[in-house]
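Chemist: Sequence:
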Amino acid sequence: MSRAPDTRARIEAAALALFAEKGVDGTSTRDIAKAVGVTEGALYRHFASKDELARALFLSRYGGFAAGVEEIRAKAEPFPPTVAALVRFFYAAFDADPDAFAYVLVTQHDHLGGMAADAPENVVAALARTLADAMARGEIAQGDVALVSALALGLVVQPAIFRLYGRLPQPPSAYAEEVTRAVLAAVGARM
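For the sequence shown, full-length UniProt numbering assigns the number 1 to the initial residue and increments by one for each residue that follows.
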């Protein structure tokens, strides 16, 4: 039985943790290999470069976040329950894998160029569509969709950042109701 899939998964897990902690630029292939307990050569049998590994990790996780947002959006519920479901979704993702959450939604991705915007499934675009639809239905105040998206996403992500840095005593899921109310207030939801 081949250990290749297991090794690849261990490489991805170690790289994800290191990228979330130190950033892609601050992490070397040697760091990743050491964390996995393999040689750098073994790492290169699975990924041609650190950048390829970073891109693969980003796209696989980012696509999952975007698909989750789209799934919630597709239910076409009124805006307040949709926001509550989105907040719970993001915080469940944080609780399940803080490293993936941090890498995809917190870490700055200068090394990826415009990859997030060009990804087939895009978290920000899905969120913007959700907000634009709510504006069109008169459920929230009219506004610049890009700005409102930034504000809403910031309100959701910032508690996770505070948790990562030890500034909140509980995981963000413990604050989901408060965050939902804050997002609804910030976007001018009509209740």
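Read the hints as simulated data drawn from the structure, not as lab findings. One thing to keep in mind: the hints can contain errors.
Unchecked claim - When the alpha-carbon atoms are kept at most 25 Å apart in a straight line, the in silico PhoX-like pairs for lysine-lysine are as follows: (1) LYS50 / LYS34; (2) LYS34 / LYS22; (3) LYS50 / LYS75.
Fair warning: this is a prediction, and the values are worked out from it, not measured in the lab.
Chemist: Determine for every hint whether it applies to the structure shown.
Modeler: Structure-based check of all given hints:
no., hint, in the structure
1, LYS50 / LYS34, "holds (14 Å)"
2, LYS34 / LYS22, "holds (15 Å)"
3, LYS50 / LYS75, "violated (38 Å)"
Checked against the numbered hints above, the structure violates only hint 3.
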